[in-house]
Amino acid sequence: MALDRNIAPVIKDAIDFDIKLKPYQHFVLDNQVEVYTYEGGAEQVMLMDMVFFAGNSYEDKNWVAAATNFLLKNGTTKKNAFEINEAFEFYGAHLSRNCYNETATIALHCLTKYFKEVIPVVSELISEANFPEKELQIYQQNLIQRLSLNLKKSDFIANRFIDEYLFGIDHPYGKYAMQEDYKNVTLEDLTAFYDTYYKHGKCIIFMAGKFPSDMQELLNKHIGQLPLNKKVIADVTHPIVSAAQKQYSVVNDASSVQGSIRIARHFPNRHHPDFAPTQVLNNIFGGFFGSRLMRNIREDKGYTYGIHSYIQNHVQQCAWMISTDAGKDVCKPTIEEVYKEMKILREELVSEDELKLVKNYVLGGLLGDLDGPFQIIARWKSYILNDLTDAYFYNTIDVVKSIQPEQLKTLAEQYLKPEDFYELVVY
Amino acid sequence: MIQFDKFELDNGLKVIVHQDTSTPMAVVNVLYNVGAKDEDPQKTGFAHLFEHLMFGGSINIPIYDEPLQRAGGENNAYTTNDLTNYYCQIPAENIETAFWLESDRMLSLAFSEKSLEVQRKVVCEEFKEHYINKPYGDVWHKMRTLAYTNHPYRWMTIGASLEHVEQAKMQDVKDFFFKFYRPNNAILVVTGNVTTEQVKQLAEKWFGPIPSGAPYERNLPKEPVQQKSRFQDVRADVPLDMLMMTWHMGGRLDENYHATDLMTDVIGGGATSRLYEQLIKVKQIFSSIDCYHFGTIDPGLVVIEGKLVKGITMSVAEKAVLDEIELIKNTMMPTHEVQKVINKTESLICFEDMSIMNRAHSLAYYELLGDAGLMNQELVKYQKVTPELIQQTAQQIFQDTNRNTLYYYSKS
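Protein chains in written order, with numbering that gives the first Met the number 0: chain A, 0 to 426; chain B, 0 to 411.
Heads up, a few of these hints could be off.
Unchecked claim - Label pairs and their calculated CB-CB ranges:
1. B:Ser21 x A:Lys331: 49 to 55 Å
2. B:Gln231 x A:Ala1: 57 to 63 Å
3. A:Gln31 x B:Asn375: 44 to 50 Å
4. B:Asn375 x A:Pro238: 55 to 61 Å
5. A:Glu116 x B:Ser21: 24 to 30 Å
6. B:Ser21 x A:Ser95: 23 to 29 Å
Quick caveat, the hints were computed from the structure, so don't treat them as lab data.
Each residue gets a CB set at the ideal place from its N, CA and C atoms; glycine is no exception.
The task is simple: from the sequences and hints, build the whole structure.
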């Protein structure tokens, strides 16, 4: 029989998949530091991700949290910056640090066989960092130069401003550093922040991959004896002060050939019942390559290389963001089309067919996202840090499987109103 | 060690299967042996524009993405100077959907005028976003034209100019397709929760009936050995001065490839590299500096690029880099420094091999080089590199007559 290429092969709907989040293992070190692990994978590699409650929410002065996080790798009482880097790199290990709003992380990627060689150095960094003056000075100088470069980029400016309009320049989610902020930070600021939020700070550890057989003993020996988790970290709350004006147009570079467009509104955090169903609506709107924004503005009109919408991943309060860079002469029609797509979602029911496609796409993607030990622990990490359990995971799946066009329309009516959105173009 | 099976269909399509039962997913990867280097010098950017058109509908399926998404799959593609690679990840139970989609667009595209018109615009916006509207966005355009006089690596995959992309015609699209997108010019790799038997049956069913094309005889102009050091000044509206130097190196199958790779890592790969320690930390001449290489199949370039600390002159910066180069050439490096970069490479390989997606990319790439099994020999080749070999390689590559230097000055 001849092959009929017009007929698609039979598929199993992803909504019929039984998707499971594999459980973590958990233990507590002598100093009460909690450790969450997921062991698996074919390669002899592992990840140790240490989360400290040391994000920029805890700083009194701009940029202190980020600078402390970065520079704690640049000198201890025993080693200079080069020796520290060498101690990791010689074993092919990679130690990265990242500072966020609530938390800051120190993440070690290494070959399983070398974990015992590098874990003592990690321990040294969180107990004996000493912030040499020269390291701070070089870092400041290089960051000021990097900032001067970034300030030339319209997308960089747009990302800063839209967060400022949403949350306010004094809020951890809205603030950003300028040249003076870099200059104002002193060694005393770093040392004090380090002492409170790292050396005597609150820490949670996430691990994944293949572990050496004595992993727990090694952790207890090198991390479990440190003075962590002794003091309760005071809760910090920052009021959100949103801008009164909603529309902005900024000329950063008169010769620019594109504009960076950001359109955003406030959105509740993951604990709100609308969060999970709105993720489905967001996918239809601008959340993936087959979304309406992408099909209309890129694939039909060719105004941009890409347009995306997403819900920002914040703990306190989120924002729903539409983001694109479009040709200078088509920025205005691009924005009009975004609002037009909102209107259609408010006024017309999504077809069963389109909804089914998005459900399958989301669930298939979820299956792929949980493929591998690092992915599984990352999912757990995000839940644990947001005070969620796997009930959230299974609830989200139920919501995706069961949501109906009427509910999506109600959500669109509530959340996709143009008057709620901040709108910015940076040329 | 990555296990795989290999077979070939009658129409010349090579098929590689790697089974991993620990995942519920599968990856279907189709590599076409065509890249920007195969373009007509008057029609550059075409391989990449063409990659966009591959999503604009095929002969029997109006929209590529939709059925794939419906089956819970995701896809993407990339174009380099050497190759074009398409891949999708899909729940293994729905793998036949990927075969159906990929085989239909190998059979024939729909050649829609609308798709061509829109994707020309999309690629022009991509060009603007990455190469015009960014500080230093044109630096590679300038360096490639300086370093290559003859070989098609002298243009970037995005194209030598916006005009080339804007002028693409439907006839060009058709010619390109039937010249390069034939089963005998492609490699299909399937990884994940599949069996070789299953892939054999699906490949025969969906790809088997596609006619093969005339074999593509690649006959690219060779780059003559550079005889004299070349320099170029650029002044642009950027905040910082930048220095970029390149030297010609061997191709991917050159016997010194692994030594070259490790050498660039020693010189400028990360926080313990020589350039970082000496020129950023100790001498504070650069605010950022890196050394890397193209890794291209045909002879590529070793690159050193850095942004100068404000107040440092270009000649001071250039001399500082060249002093480090002289050191590599004239002094044997300590064994532990070589061991370090070998260990880093071992780690890199292990982390890369974690996902079935990367395994699929690698198997396809090494098969393009001649044998997918090369993938499993890489680490051993790195482990054999000695300080002596790195020094010899440095002496060969870092000759002044082999150097191209771009002084990228800030106007302000």
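Taking the hints in turn, this is what the structure says about them:
1. B:Ser21 x A:Lys331: 49 to 55 Å: Distance hint for Ser21 of chain B, Lys331 of chain A holds at roughly 51 Å.
2. B:Gln231 x A:Ala1: 57 to 63 Å: 60 Å, holds
3. A:Gln31 x B:Asn375: 44 to 50 Å: Holds - the Cβ-Cβ distance for Gln31 of chain A and Asn375 of chain B, about 45 Å, lies within 44 to 50 Å.
4. B:Asn375 x A:Pro238: 55 to 61 Å: Given about 58 Å between the Cβ atoms, the range holds.
5. A:Glu116 x B:Ser21: 24 to 30 Å: Distance hint for Glu116 of chain A, Ser21 of chain B holds at roughly 28 Å.
6. B:Ser21 x A:Ser95: 23 to 29 Å: 26 Å, holds
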